[in-house]
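Chains as they are written, first to last, in our numbering: chain A, 1 to 404; chain B, 1 to 295; chain C, 1 to 284.
Take these hints with a grain of salt, some might be off.
[Stated by the list, open to error] With a straight-line cut-off of 35 Å between C-alpha atoms, the simulated DSBU-like cross-links for lysine-lysine are:
1. A:Lys144 <-> B:Lys101
2. B:Lys5 <-> C:Lys113
3. B:Lys5 <-> C:Lys115
[Claimed, not checked] Footprint (simulated), chain B over chain A, 3 or more residues, beta carbon under 8 Å:
4. 80-93
5. 112-124
6. 187-198
[To be verified] Restraint-style ranges between C-beta atoms, simulated for each label pair:
7. B:Thr140 <-> C:Pro179: 53 to 61 Å
8. B:Ile88 <-> A:Asp190: 40 to 48 Å
9. A:Arg129 <-> B:Thr143: 47 to 55 Å
10. C:Leu24 <-> A:Val220: 31 to 39 Å
11. A:Pro95 <-> C:Arg176: 53 to 61 Å
12. C:Phe155 <-> B:Ala282: 41 to 49 Å
If you are wondering where the hints come from, they were derived from the structure by calculation, not from laboratory data.
Heads up, the beta-carbon is just placed ideally off N, CA and C, and yes, glycines get one too.
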Amino acid sequence: MLTDGMKMAQLTLKNIKKSFGDTPVLHDISLDVHDGEFVSLVGQSGCGKSTLLRIIAGLEHPDSGDVLIDGQSMLEAAPKDRNIAMVFQDYALYPHMSVGENMAMPLVMARLPLYARLPMMRSITPAGRGAQPEIRADVEKVAKQLRIEHLLDRKPAQLSGDQRQRVALGRALVRDPQVFLMDEPLSNLDAKLRVQVRAEITELHASSGLTFVYVTHDQVEAMTMSSRVALLQTGHLLQVGTPNDLFADPANLDVAQFIGSPEINITPGESCDGKVTIGATTLPIALPTSGPVQVGIRPETISVSDAPGLGALNSAAPTQRLAFNKRLIEDLGPEVLIHGTFAHAPDSIIRIRAQKSDAYSSNGVLAKSNSLEVTVNPNQLLFFGADGQRMRPTTVAQKRVETA
Amino acid sequence: MTVSKRQQTQTRLAYLLVLPATLLILAIYIIPILFVFLGSLTDYTLVSDYYEFVGFENYRQMFGDEVFANALNNTFFYALLFLPGAFIISLVLAIAIQEQKQFRSVLEVLYFLPVTSTLAAMALVWAALMDSGQGVINNTLQTFGLPRVNWFGNEDVVLYSLAIISLWSIIGFNMVLFLAGLTSIPKNLYEAAAMDGADHPVDKFFRVTWPMLGPTAMFVAVTSSITAFKLFDTVAILTQGGPDRASEVFLYLAFLEGFEYFNMGYSAALSLFFLGIIFLFALIQAFFSDRNVHY
Amino acid sequence: MADISPSPTATWFDWVKPKSTGRLITTVLLFIGAWVMVFPFIWMISSSMKPTDEVYDADFSIIPKTFKGFENYYGVIFEQPYMVFLMNSMIVCVGILVIQLLTAIPASYALAKLKFRGSSILFGTVIAAITIPINVTSIPLYIGLVKVGLLDTYFAMMFPFIVSVFAIFLFRQFFRGFPDSIIQAARVDGFSEIEIILRLILPSAVPAIAAFSVFSFVAHWNDLYWPLIVVQSQDKMTATLSMMQYHPLSTRTTGAPMPPPPSSPRRWSLHSFSPAGCSSGASL
Numbered sequence: 001m002l003t004d005g006m007k008m009a010q011l012t013l014k015n016i017k018k019s020f021g022d023t024p025v026l027h028d029i030s031l032d033v034h035d036g037e038f039v040s041l042v043g044q045s046g047c048g049k050s051t052l053l054r055i056i057a058g059l060e061h062p063d064s065g066d067v068l069i070d071g072q073s074m075l076e077a078a079p080k081d082r083n084i085a086m087v088f089q090d091y092a093l094y095p096h097m098s099v100g101e102n103m104a105m106p107l108v109m110a111r112l113p114l115y116a117r118l119p120m121m122r123s124i125t126p127a128g129r130g131a132q133p134e135i136r137a138d139v140e141k142v143a144k145q146l147r148i149e150h151l152l153d154r155k156p157a158q159l160s161g162d163q164r165q166r167v168a169l170g171r172a173l174v175r176d177p178q179v180f181l182m183d184e185p186l187s188n189l190d191a192k193l194r195v196q197v198r199a200e201i202t203e204l205h206a207s208s209g210l211t212f213v214y215v216t217h218d219q220v221e222a223m224t225m226s227s228r229v230a231l232l233q234t235g236h237l238l239q240v241g242t243p244n245d246l247f248a249d250p251a252n253l254d255v256a257q258f259i260g261s262p263e264i265n266i267t268p269g270e271s272c273d274g275k276v277t278i279g280a281t282t283l284p285i286a287l288p289t290s291g292p293v294q295v296g297i298r299p300e301t302i303s304v305s306d307a308p309g310l311g312a313l314n315s316a317a318p319t320q321r322l323a324f325n326k327r328l329i330e331d332l333g334p335e336v337l338i339h340g341t342f343a344h345a346p347d348s349i350i351r352i353r354a355q356k357s358d359a360y361s362s363n364g365v366l367a368k369s370n371s372l373e374v375t376v377n378p379n380q381l382l383f384f385g386a387d388g389q390r391m392r393p394t395t396v397a398q399k400r401v402e403t404a
Numbered sequence: 001m002t003v004s005k006r007q008q009t010q011t012r013l014a015y016l017l018v019l020p021a022t023l024l025i026l027a028i029y030i031i032p033i034l035f036v037f038l039g040s041l042t043d044y045t046l047v048s049d050y051y052e053f054v055g056f057e058n059y060r061q062m063f064g065d066e067v068f069a070n071a072l073n074n075t076f077f078y079a080l081l082f083l084p085g086a087f088i089i090s091l092v093l094a095i096a097i098q099e100q101k102q103f104r105s106v107l108e109v110l111y112f113l114p115v116t117s118t119l120a121a122m123a124l125v126w127a128a129l130m131d132s133g134q135g136v137i138n139n140t141l142q143t144f145g146l147p148r149v150n151w152f153g154n155e156d157v158v159l160y161s162l163a164i165i166s167l168w169s170i171i172g173f174n175m176v177l178f179l180a181g182l183t184s185i186p187k188n189l190y191e192a193a194a195m196d197g198a199d200h201p202v203d204k205f206f207r208v209t210w211p212m213l214g215p216t217a218m219f220v221a222v223t224s225s226i227t228a229f230k231l232f233d234t235v236a237i238l239t240q241g242g243p244d245r246a247s248e249v250f251l252y253l254a255f256l257e258g259f260e261y262f263n264m265g266y267s268a269a270l271s272l273f274f275l276g277i278i279f280l281f282a283l284i285q286a287f288f289s290d291r292n293v294h295y
Numbered sequence: 001m002a003d004i005s006p007s008p009t010a011t012w013f014d015w016v017k018p019k020s021t022g023r024l025i026t027t028v029l030l031f032i033g034a035w036v037m038v039f040p041f042i043w044m045i046s047s048s049m050k051p052t053d054e055v056y057d058a059d060f061s062i063i064p065k066t067f068k069g070f071e072n073y074y075g076v077i078f079e080q081p082y083m084v085f086l087m088n089s090m091i092v093c094v095g096i097l098v099i100q101l102l103t104a105i106p107a108s109y110a111l112a113k114l115k116f117r118g119s120s121i122l123f124g125t126v127i128a129a130i131t132i133p134i135n136v137t138s139i140p141l142y143i144g145l146v147k148v149g150l151l152d153t154y155f156a157m158m159f160p161f162i163v164s165v166f167a168i169f170l171f172r173q174f175f176r177g178f179p180d181s182i183i184q185a186a187r188v189d190g191f192s193e194i195e196i197i198l199r200l201i202l203p204s205a206v207p208a209i210a211a212f213s214v215f216s217f218v219a220h221w222n223d224l225y226w227p228l229i230v231v232q233s234q235d236k237m238t239a240t241l242s243m244m245q246y247h248p249l250s251t252r253t254t255g256a257p258m259p260p261p262p263s264s265p266r267r268w269s270l271h272s273f274s275p276a277g278c279s280s281g282a283s284l
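One chain only, chain A, in its complex shape (with noise of 0.2 Å):
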């Protein structure tokens, strides 16, 4: 199966729309995928990316737009005839059937006839016993390949989570597909169980180069895992990119605030004459547009000024000072995570995420006192208008970062 390489997939997406009755739940969405890619679509649960990787698969109609593969449409092929495989949520494996059965499944419908396929004829016709043996080869190749041989007499029921997983693979590997459709694989797995499956899968588009569209709701598998990233919201495409481009660079707040673990901070600031004013601290960054803005503040890019070698890991960049009121702190292990308000913003709580250090200790600088001073990288911060879209400074405030 892994033979064929010279086989393309690009995968083609155009003006997509859908609704269910009067509720709108794809508005016009577009995405290319690229042979041999592996795209992750995320957002929260809701967003339509599961109704886009059914429409994919060819098990919902979109109400217009069209599903090209190479260039061919596919809006009229069967789910069958398009040369995909999924991996379903919960894997869909057939319960009464063994993990062999279950993997055949595919290869019978595609090369027995009909007649041949009625109960107990499989055995008794020619064209039912002819393709027998190449299909337990085929059905045992793939299991050696997942490492599930031993499991082929085995019913669905009797196995574990990661094991279903494996041969919901396997079904869809068997049938030799040109893209790889999996709609929130990992799901059921226990947290332990889906690092490992999450790394096999990787793994497994990157030996089998096959394209990979992937459906989860969760942004660290979707940015481990994948090439890109198509993040959506409400049926809409928010921005597709690199998994770092989605981190650095979000198009608006919205993808700011979904993308990264602890959530980012946003705190409010006001720009003015070329300068961002946030509390009592004046930053000299030109904004685009006068008024409020809201600024994200990653919680990895803060550091706790008064305690020096905690937090920030470049300590050589310029920084920028700001008053911030402690409230608990959680020992992450290696790390820990500082609670908090800034003194201009109380309302809205604030996460550090910081290397520990000394400081951490019972008579550090962060058990002695709520009110600390922290540092922030202006470089680092990302602004946001009133209505969400990014602002990006017109200057280059770099090199001439002043104190207030």
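Take the given structure of chain A and dock chains B and C to it, following the hints.
Showing chains B and C alone in chain A's frame:
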């Protein structure tokens, strides 16, 4: 209050709570069953208080009795007519109705209507519809150039007539059971089947629907079989076992022996035989319902 | 689901594929079937408004040619003891249901949530008793009633049914689903067991009780077998049993159809729907 004391009052309360039900179960089920068994070993009749133990004479008589053989025959023949229809028609209806979009609930109600009615009363309507002289059914047959049928007067036809009435009254019930079974099949199995290429109705049925319907199908088959063996109301009202014992089914015979002829001992033996059959069906169901659970 | 494109290798099986015409034909067939299912009711209602000689007219019409509805229903309601029969049915069914609930609910709570010796034996007996139909125990029950001279009483009509093993089983399963933690919290809060049953368990069991009540009422309303055995006089006759008097043909005696009694169709139509209107299910 200490834990053990609390435990004690709780136990006492438990006995108090189950007492009425336990006494009644004894009086209504356990003791009567014992008496049925003992009675089946006697020649007791209600007419005279004198009786003696006759051992298994009643059972010997039962298996040598032509009337019993006839009743058993009639019951099995009737079941043979009734069961395939009660099963297959209901299943086909359920599948067809499930695929209906706008009319699903209307059709469900219409087909379920006979289940909600009192069979004893509707039997009279059927008697009128099936009237050999001026009944609507025979008139309709005649319109289509078909011969009239003597539905209840002909020995060879009467069991068919009863089976038709029973089917009419049970199809809606079985259909609803099948519909519940169909609805509980996860939709994504059909989607997985579509991805795997099993999108032809025949494949969908044999690969997904039928295997997933297993437990429901077994339940329907067993309850319908028991219903078939319990045929009584329509016989009692419409045919009284006639003509010439052609519709004398098992339960009606037991009723006649016990409450018309007052052969209590013999009737008790018949009752126990009947109970044996019911137990058999219950065992079959228990066996299969254990085997057929998937996840 | 999306329309399915015709596969390139068409086989003779292809006609089975759902096409819109196929679906239309199915719908039409389903409605024809539904007409057959409903026709007896239509005939009954229609006939109940006709004069007797029109009921058996060769050309049946749904709308009565001569409307006799008022007279017919007036006759059944005021000139015949039918109201008495209905009342008897009502008394028996309600009586059975009330006692069933009174005996089953406490017992099933004890079986579900309290520990006591013999509980598994009792529950096993309950399960076994579910499979025993009235037809098997009717002889000793009848003899017993004869001996104590209670035949042809409401008590005799209700007695075999006043404990429902099915209800005990059903409620026990339902109560087992009730969280132990809530019961324990209530005990800690000082509730007595009786209060727990009345104030916590019972309100939560309303859906199960309602479902069982419908089932029980309908089953005993429709019952013909037991009233046929114990009822001897007109003034204890149930509505269902009264149908016995009105079978229009007596094949056993004559083999030929007899003219129907003048009042029958309207009487049936008054009776044919159980008031609770749901589920025979008596086979369970």
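For each hint, the structure was consulted:
For the hint linking lysine 144 of chain A to lysine 101 of chain B, the alpha-carbon distance of about 45 Å lies beyond 35 Å, and the restraint is violated. Note on lysine 5 of chain B and lysine 113 of chain C: the hinted pairing holds, with a Cα-Cα distance of about 18 Å set against a maximum of 35 Å. At most 35 Å may separate the alpha-carbon atoms for a hinted pair to count; lysine 5 of chain B and lysine 115 of chain C meet this at roughly 14 Å. Chain B is given as covering the segment 80-93 of chain A, and this holds because 9 residues of the stretch bring a CB closer than 8 Å to a CB of that chain, at least three being needed.
Check on the segment 112-124 of chain A: 4 of its residues sit with their Cβ under 8 Å from a Cβ of chain B, so the three-residue criterion for coverage holds. Given as covered by chain B, the segment 187-198 of chain A fails the check, having 0 residues with a CB less than 8 Å from a CB of that chain where 3 are the minimum. Under the hint 53 to 61 Å, the C-beta atoms of threonine 140 of chain B and proline 179 of chain C, about 59 Å apart, fit the expected range. Distance hint check for isoleucine 88 of chain B and aspartate 190 of chain A: the Cβ-Cβ separation is about 45 Å, which falls inside the suggested range of 40 to 48 Å.
Between arginine 129 of chain A and threonine 143 of chain B the beta carbons are some 54 Å apart, a value that agrees with the proposed interval 47 to 55 Å. One distance hint, 31 to 39 Å for the beta-carbon pair leucine 24 of chain C and valine 220 of chain A, is violated here, with the actual separation near 51 Å. In this structure the supplied range 53 to 61 Å is violated for proline 95 of chain A paired with arginine 176 of chain C, their Cβ-Cβ distance being about 26 Å. Distance hint check: the CB atoms of phenylalanine 155 of chain C and alanine 282 of chain B are about 30 Å apart, inconsistent with the given range 41 to 49 Å.
Checked against the numbered hints given earlier, this structure breaks hints 1, 6, 10, 11, 12; the rest are met.
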